[in-house]
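There are 4 protein chains.
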Amino acid sequence: MHNIALIGAGRIGQIHAQNVFLNSRLHLKSVVDPYEPAASQIADRWGAEVSTISAALADSEIDGVVIASATQTHLEYMIAAANAGKAIFCEKPVDLDLARALTAEQQLSSANVLIGFNRRFDPNFMALKSGLDNSRIGNLETVQITSNDPAPPPAEYIAGSGGLFKDMAIHDFDMSRWLIEEDAIEVYATGSCLTDPAIAEAGDIDTARVILRYPSGRICVIANSRRSGFGYDQRIEAFGSSGLLHVDNVRENHLRWASPEGEQISSVQDFFLDRYREAYIIEMDHFADVLSGERPRITYTDGVAALKLAEAAGRSLQAGTPIKM
Amino acid sequence: MHNIALIGAGRIGQIHAQNVFLNSRLHLKSVVDPYEPAASQIADRWGAEVSTISAALADSEIDGVVIASATQTHLEYMIAAANAGKAIFCEKPVDLDLARALTAEQQLSSANVLIGFNRRFDPNFMALKSGLDNSRIGNLETVQITSNDPAPPPAEYIAGSGGLFKDMAIHDFDMSRWLIEEDAIEVYATGSCLTDPAIAEAGDIDTARVILRYPSGRICVIANSRRSGFGYDQRIEAFGSSGLLHVDNVRENHLRWASPEGEQISSVQDFFLDRYREAYIIEMDHFADVLSGERPRITYTDGVAALKLAEAAGRSLQAGTPIKM
Amino acid sequence: MHNIALIGAGRIGQIHAQNVFLNSRLHLKSVVDPYEPAASQIADRWGAEVSTISAALADSEIDGVVIASATQTHLEYMIAAANAGKAIFCEKPVDLDLARALTAEQQLSSANVLIGFNRRFDPNFMALKSGLDNSRIGNLETVQITSNDPAPPPAEYIAGSGGLFKDMAIHDFDMSRWLIEEDAIEVYATGSCLTDPAIAEAGDIDTARVILRYPSGRICVIANSRRSGFGYDQRIEAFGSSGLLHVDNVRENHLRWASPEGEQISSVQDFFLDRYREAYIIEMDHFADVLSGERPRITYTDGVAALKLAEAAGRSLQAGTPIKM
Amino acid sequence: MHNIALIGAGRIGQIHAQNVFLNSRLHLKSVVDPYEPAASQIADRWGAEVSTISAALADSEIDGVVIASATQTHLEYMIAAANAGKAIFCEKPVDLDLARALTAEQQLSSANVLIGFNRRFDPNFMALKSGLDNSRIGNLETVQITSNDPAPPPAEYIAGSGGLFKDMAIHDFDMSRWLIEEDAIEVYATGSCLTDPAIAEAGDIDTARVILRYPSGRICVIANSRRSGFGYDQRIEAFGSSGLLHVDNVRENHLRWASPEGEQISSVQDFFLDRYREAYIIEMDHFADVLSGERPRITYTDGVAALKLAEAAGRSLQAGTPIKM
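Protein chains in written order, with my numbering: chain A, 60 to 384; chain B, 60 to 384; chain C, 60 to 384; chain D, 60 to 384.
Pulled out of the complex, with its shape left as it was, chain A reads as follows:
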């Protein structure tokens, strides 16, 4: 059993706390949050203690920390935890500022850090990746990532979000790297504000298309919208020389209703915590692997690489022209 300190007792922290508790290799020992009632609630629920960052990092019984605090604290807490010799699971993104993230790269790329790009642990996308690895479609040629949120966030969220590319598409940039296993040589991004004028006023877009090109000639398209209009739309298509692997959306249920007007099937799950429920469990189990000595499947370097693509997409959008990487 590896003892865990959870840093951050918000919505995602609650998910991680339960998954730590239910994992037979992990034990939730401490919970840290500047808002003490939130920390207490989680600690009480799962039989843990309320603590502080410094106490948790100084606790020699703590083997790993789960960082689920606000984005701007990620870097500071990772560095502190690395200095304390703890294994680190940190939520994405590593930071919103690429330059700042790069300053920590030397230290954190050699620390025991797992970055929480949860989609890599989704059983559906894992099955797609496994199909690629087993050459189900011959040589991979193109990838289409469709990633639309059910509804846009409040405009006040947009301001501090880092923008669509760093806040939302960051997942898709990571997925492109995981699936294609090449470094993009060119990024072209375009976008519009179609769902809410307040988003444009905040300097952001809500609808984007990004094209990534690779040395091999492969091409990847990322399609994003803050509002799908019908649920949480999370699909990937991977085209190869001999076929196509694609992941469909996950639906609420498997009922079908046939009438003279047609056949109605269930709506798509519209909450990311439902859609990726299993992914969070498997992700935490991989952190148990990491605590047992396995190499993290998503490193700090991966976190920085996704941020670089997001940053390039932003520059392409501004310039109206492709950006060389």
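Hints are not guaranteed to be accurate.
Since the list can't tell identical chains apart, any single copy or any two copies may satisfy a pair.
Cross-link-like lysine to any residue pairs, in silico, SDA-like; alpha carbons within 20 Å at most [said to hold, decoys possible]: (1) K367 x D103; (2) K188 x I239; (3) K367 x I382; (4) K188 x H345; (5) K367 x R195; (6) K383 x S251; (7) K367 x Q131; (8) K367 x W237; (9) K367 x P256; (10) K188 x S300; (11) K188 x E311; (12) K367 x D122; (13) K188 x E320; (14) K383 x D103; (15) K188 x I324; (16) K383 x S99; (17) K188 x S318; (18) K367 x R104; (19) K188 x S326.
Since the hints were made in silico from the structure, they are not lab data.
Once you've looked at the hints, dock chains B, C and D against the given chain A.
Here is chains B, C and D on its own, set in the frame of chain A:
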């Protein structure tokens, strides 16, 4: 080119006329119908001549006849055509009266007769049969045939129809024989009148379930309704020792409409001439095979065998108990 | 918080223990099992105490018991718990012997008993039931329940199982009652042994079809096999006067693989604890409702009624003829 | 009945001849082809006469011409037919050279010309368009057109084809105009040669992604490959403010095969004449409408507009940067 005489210029006769015309091995020479304007219309459309039964059968240039006239004439015309040495394609059923049909069995089972159980030529069901023949599911164990009409016929039609088993389920009895390739040893049928009281007043049912048992222990269920409520519901499931082959319904189109309420797909085709359009073409092409010397895939004996099962189902319904065959 | 004693620490007991623990309205206080290490393991995992039946029932802090012990103990433990005034959740079936079950009916039908027919709590089947209740398909006419296990149990299990109808189809008999809300007036059952001769030697069948008839003229077909050949096949079709509601199987994932040979989609989940994972959670939440004063949705009387149908199906199979209820 | 002259007796000419013959409002009178045996074969099959261009255009009984000859003759024949006052159905593209096509625009945009962008008549895409017109998804925001051929043509075909954008994507450019009903203001195209080095040697690409931007902020992505690896991949997704309309591929049949490895569904149709069989019939029926006085749904101006987009895409590919329209 084989010259064909079409006997019967009604709705299904029109289909057969076009399919004869479009078949590169067949030539529509004569059209016969007691209602001359119907015969003329088809003859004009496809460059054929209007004729009479006796003239068509006496015409030495006619190689085959397509019998698409009223059910009660099937037997008489088949016998006459067999006497004239013509190859015969005859619509189902061979007759509504089993005893009468049996009197002609000796002659017609050795004549060159193809009975028009069109569903055997549907590409979907042919693919299922091919899967069985290629042992895709190991040993066949059970079959479920779901065969529901979109809407009940007028009550006046019911009276002369022969009843649900001979009029509608006759297709399904034939499909069970084709797929299972065993003679049923027991038939149990039950049914209700749920769609229209006039059907019960006419002495018939509109909803039925039939269970057929075979020497091997295999079991087949036939499910029928005169009214599906959502289209022409034509599905088959074949369960084997290592899997399942099933044919889904055919839809009007491939549009999908996702909204917050769910995803709507197209309605099911609701007209048998649409659903089995290709089957009629392939069926007629098989008649060209028969004219070229191939053995008919569906013989008069098959027509009688389906009628025997329909008749036994009727007796089981009356008796409320299974009937041994 | 309602305090719970779990009686029976086997495979299904472990599921219930976790679901009690994770339910915010329930607290797992005691675990009872004749095999003490099994009880200890669960008690340790969830912070409960190991106890005995008598101690647990005498414990005034215990509000409800979850009976997940061997089938032949269900009746005895339900009676004891009812005598102790506890709310009762008991796994299906109530007993394998109808006569014995009937002796307790007076007492247990008025006790606070919830019988664990888990499928009624499956979100897919609940959505179907809700569609019926909201008249999505007009008047319900016929129901098709397809319920096939992935693989047959060992032959030695068959001997003590009560046979296919009481052991396996019992769920389907309960579902028919829940969906149709009428008492069947006639039961016809037929079956074969196709998967394993040892099952026939043990006096049982592995493949069955049951037809139930109702006063309204409605008809229900239950199709069972101990071996689907492709996974845990759990589907229901409900046909009404204006449409069809049907629940499809649940698959392992949502990957699709298109190749020149066709498109392959994921296999069907093949373990009942996966297929009904959510149903068990919702079922236990309903037990929390019951402890809060709600009427159990599945009573002892329901448990007995399903057993009556199973018993009638067995008699029909023996007699080869329908049984009046 | 409108008399038709068919110009061009190749593969697509044969399709049009049959569709003219089967259309009750049209009569195939003449067939023209420089290779007389091809013209004779069609003329014999459908009861028409072999003719020449000049004779057919001089024939006062001819109401309309169907131009299905080689691409480089389209413009010349359209002009001649317009001068002769005939209604014109002409296969796509209007020409491979935009400058040349523009020289005829004044004359042909006011003539009675229907350009054969057959996909607009596909029942699936018509259903999608109808959904847009009926505001099924609120305000249209983005469109994804996926259009992949089953296999690349021979490299010698590539040389004279006009390149991927004019030869293949021309259909998709037309579809984008039809669905979005705005003029693109910017075109960005990128591409690779991944399927056959001979295509690169011929100066072309086989894999492309094009992004079109519109004044409203809408965005369209066109995805093309000369080789899908699994069939003729023809899909469209239209995202709106309140949902998604998408057209799936059409499969060979509706058989599904469930096994422990998963469920296999039929392969996608892999021949355009099968996939668009109905579209060609409906398109010809629309030409009958045009002959009866209806305005052509696809004009010469539409043909030129698609060519402009294809030409801009080619320039963007060369320049590596978006092109303003």
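| query | Using 20 Å as the alpha-carbon threshold, which applies to K383 and S251: within, between, both, or neither? | reply | For K383 and S251, only the inter-copy Cα distance (17 Å) is at most 20 Å; the intra-copy one is 22 Å.
| query | Is it within a copy, between copies, both, or neither that the alpha carbon of K383 lies no farther than 20 Å from that of D103? | reply | Neither: 51 Å inside a chain and 58 Å across chains, both beyond 20 Å.
| said: For K188 and S326, with the copy left unspecified, which applies at a CA distance of at most 20 Å: within, between, both, or neither? | reply: between (26 Å within a copy, 17 Å between copies)
| request: Using 20 Å as the alpha carbon limit, work out where K188 and I239 are close: within a copy, between copies, both or neither. | output: Within. Shortest intra-copy distance 10 Å satisfies the 20 Å Cα cut-off; inter-copy 35 Å does not.
| query | Checking K188 and E320: alpha-carbon separation at most 20 Å within a copy, between copies, both or neither? | reply | between (38 Å within a copy, 17 Å between copies)
| said: Cα distance capped at 20 Å. Does K367 pair with P256 within a copy, between copies, both, or neither? | reply: neither (28 Å within a copy, 32 Å between copies)
| Identical-chain pair category, K188 with I324, by Cα at 20 Å | The answer is between: 15 Å across copies meets 20 Å, while 27 Å in one copy does not.
| said: Within, between, both or neither: how does the pair K188, S318 come out at a Cα-Cα threshold of 20 Å? | reply: between (38 Å within a copy, 16 Å between copies)
| query | How do K383 and S99 come out at 20 Å by Cα distance, when the copy is not named: within, between, both, or neither? | reply | neither (49 Å within a copy, 58 Å between copies)
| Under a CA distance limit of 20 Å, which applies to K188 and E311: within one copy, between copies, both, or neither? | between (24 Å within a copy, 15 Å between copies)
| 20 Å Cα threshold - placement of D122 relative to K367 | neither (31 Å within a copy, 58 Å between copies)
| request: Classify it for me, K367 with R195: is the Cα-Cα distance of at most 20 Å met within a copy, between copies, both or neither? | output: neither (30 Å within a copy, 39 Å between copies)
When held up to the earlier numbered hints, the structure conflicts with 1, 5, 9, 12, 14, 16, 18 and fits the remainder.
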